[in-house]
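Put together the whole structure using the sequences plus the hints.
There are 2 protein chains.
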Amino acid sequence: MKGKLVASIEEAIGLCGLKDGMTVSFHHHLRDGDQVLPAVMHKIESMGFHGIKVSASSIHGSHGCLADLVRKKVVTGIDTNFLSRVVGETISEGTMEEPVNLRTHGHRPRALETGEIGIDVAFIAASAADCYGNMNGVDGPSAFGSMGHAFADAQFAKKVVVVTDYLLDYPLNPVSIDETYVDYVVKVDSIGDSAGIASGITTISKDPIGLLIAKTATDVIEASGYLKDGFNFQTGGGRTSLATTKFLKEKMQRNQVKGNFILGGINSLFVSLLQEGYFNTILDCQCFDVTAAQSLKNNPNHQEISCSHYANFCGRSCAAAKLSAVILGATEIDTDFNVNVHTNSSGVIMGGSGGHSDIAYGAKLTIIVAPLIRARSSIVVDKVTYLSTPGECVDVLVTQRGIAVNPKRPELRDRLEDAGLPVKEIRELYEYAKKVTGEAHRVKTEDKVVANIIGREGKLIDRIYQVAK
Amino acid sequence: MKGKLVASIEEAIGLCGLKDGMTVSFHHHLRDGDQVLPAVMHKIESMGFHGIKVSASSIHGSHGCLADLVRKKVVTGIDTNFLSRVVGETISEGTMEEPVNLRTHGHRPRALETGEIGIDVAFIAASAADCYGNMNGVDGPSAFGSMGHAFADAQFAKKVVVVTDYLLDYPLNPVSIDETYVDYVVKVDSIGDSAGIASGITTISKDPIGLLIAKTATDVIEASGYLKDGFNFQTGGGRTSLATTKFLKEKMQRNQVKGNFILGGINSLFVSLLQEGYFNTILDCQCFDVTAAQSLKNNPNHQEISCSHYANFCGRSCAAAKLSAVILGATEIDTDFNVNVHTNSSGVIMGGSGGHSDIAYGAKLTIIVAPLIRARSSIVVDKVTYLSTPGECVDVLVTQRGIAVNPKRPELRDRLEDAGLPVKEIRELYEYAKKVTGEAHRVKTEDKVVANIIGREGKLIDRIYQVAK
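Top line first, the protein sequences correspond to chains A and B. Here the first sequence stands for residues 1 to 469, numbered as in the numbering used here. Here the second sequence stands for residues 470 to 938, numbered as in the numbering used here.
Hints may contain errors.
What the hints assert, rightly or not - Quick list of simulated restraints, FRET-style, between CB atoms: (1) 21/A to 583/B: 21 to 29 Å; (2) 141/A to 770/B: 54 to 62 Å; (3) 585/B to 21/A: 30 to 38 Å; (4) 447/A to 489/B: 39 to 47 Å; (5) 116/A to 470/B: 42 to 50 Å; (6) 392/A to 470/B: 36 to 44 Å; (7) 900/B to 7/A: 52 to 60 Å.
Keep in mind the hints are simulated off the structure, nothing from the lab. All C-beta atoms in this analysis are idealised placements derived from N, C-alpha and C, irrespective of residue type, glycine included.
As structure tokens, then:
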């Protein structure tokens, strides 16, 4: 059966009628192991296209080619939820004429639905597919797990190309996205290295400060009153955030709490919590390691969800709105609890919201974990360089030097103090760090806007400027 | 958690802003056991609405209230794929001003996608749901199995109301249609009687003529050359069609054939074939009995598919296009192999295409099974009263008096003859039956069109007229 199989990525590009100025899209489930975006973009370059817009759910270390393609004006537009430094640096230097749009995980599917992002051709990496395009992410040598971020692309793109390295007989089973959404299927040698899923931000902290902060964060959860039967939990992909999982288990055991769902961003630690009965189910929009991908395949209580189901707050409902507590990182947090996860303290783009501002908004208890000082800079600042997640969505900051509670949550502050936790004013933490690091240098920028930060509801919430030459 | 729960169907109708002239929709997975369409439509009547249009994937014996509501002009439009006699008779009498649109299962989701059918409020019966509207058809006391026909309604209706009698904690698991599509959830005492799923046309034949025909049909499959490894099979819901399953198993055993997928319309016989390893998988758009629903819940090789995935030939691809052989019924078949499944020989509406004309088109081998004479009328006629499935999609007619092969398939005729099967000209069968039954009376009609028959590609292929007074 030939089905929709075409001989090469080049043939698929030709059949889709790609033209200069059009938008192509990618998901980021293979993270630092992804070879599909590079393969497609190199082919687009070699075919002589210019002015291509890239919509990618996230841009990772494996996507460094985009920096070069931006310089060559093969790519003249980027719309993404996370922009790692390999490309972010080029953007921050003002290489691109048009500002990059930096969204949240929850808003991207909404923007696809409303047409704010119009995708001409979606290239969807699938770890297994049949020749008519039924696909999943759980089978094959490059299994990456949930296809959560690809559902909206499949649904709304004008043309959909499945790129796989593991072609199975029709009909594939199980199916995450079915053939009714697919135009062409391409078999390649490899879509990537699934070990690369676990690279970068998704490995657990081993440093003692990180572990102390993680432990304290779970003390906060325990004291907050939210740790009770039906507890719903998520952490971000940062190392310290992930380390909390370990301590949370002890708290749940001691308090005999039966959790309900884990949302994410799922790693092997969460899988253990599910297997050991600490939680009823996992709702998985993205796997952070191969163990999670295997669990999604084998454990019926580990459910795949779309990104819209995960965190789209402009839709009819989403899972993130039911979170009890989340633990997230920050590169900066200011004395109004506003968080920056888009740039480093020099104003260079090296990240993005991902789901940060979605789940911070959705959860009853949002905890930011961060070392007070990192690379000789204070994490707590007077005003964040750029705004990723508004302070109104943040309840607690946990550092190794104490805990700060957002003044809008006095009852929470009382509970943490009653539990004997080291609660301080956020300004105290700020002043302490300032003594050590000295006054933070205000980032120097040019007038050019290099990126728009778009909030969870699709509104512009900040602009990132070109770093000073 | 309250979620999207509202107190009653009446409240949901109010919140959805239903107005006179709007379109409401229903699926038919509970078939003769459905209590949701009647409950909603009675409520719509009692709330004083008029001129409501009903889009239902099929209208069954449990939907007799529609006849009354049509007379009262509460309902002034019907769009469906199957119209059972309890309502069809009223329509055939010319009670409604606007003709009913009778589509195919495969074209309905396409018409929803293009906006040809615009649904204002979809009422989706779910045998289990949570308070945010995650739903399935496999749990709960009224489990009916696949929700295949409801996917497009959820996707394209302006408002979606889930009606369930089995409310579970959030998040439901497994989920067929997720909360992102749902506006309101109503808990009722009962959505229906799941025993009613198996009623009507979905029970196996016991009469000897039916069994003879069924046996012969499988002889045809065996002799056709299509019964080999990778065989993909479907039958219609008629009794004789279903009886073929039994004989097919013997053929597969004898020929040591490993089938690939069963498509349907699934009953317990198909479930046995899957369990016993005769086929790799079932692709299930609709369960015909409770055993099938249980299998869908418990057997990972029994997959739920949407109706578009099942048989939408205007989309990018569908499973029906890969069928090796199908066995279908007919109320009339003419000497050009055109089939009528919409009316009886008196021209009264008592059925519809359902998936008939979709899968007849999709399969490599389409067999019509029918007794040559039924209720003193010949099944084979000079010209069908109304056209449901064009003769070009039909390959073989099997009756108890012989087999006829469409002249466009001379190689198939040769194979059947070589196998010693009783092949005749279709005109011979027609002449034989005419001798027994006498010349068929031409159906007498009025000038009024009561229904449009819309083919698998959305084109009008025939019109049904009011029966003569």
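Here is how each hint holds up against the structure:
The beta-carbon spacing between residue 21/A and residue 583/B, approximately 27 Å, falls within the hinted interval of 21 to 29 Å. Take residue 141/A and residue 770/B: their Cβ atoms lie about 23 Å apart, and the range 54 to 62 Å is violated. The hinted window of 30 to 38 Å between residue 585/B and residue 21/A holds, with their beta carbons roughly 32 Å apart. Between residue 447/A and residue 489/B the C-beta distance comes to about 58 Å, which lies outside the given range of 39 to 47 Å.
At about 31 Å, the beta-carbon gap between residue 116/A and residue 470/B misses the expected band of 42 to 50 Å. Checked against the hint of 36 to 44 Å, the C-beta distance between residue 392/A and residue 470/B comes to roughly 24 Å, which is inconsistent with it. At about 54 Å, the beta-carbon gap between residue 900/B and residue 7/A stays in the expected band of 52 to 60 Å.
Hints 2, 4, 5, 6 from the list above are not met by this structure, while the remaining hints are.
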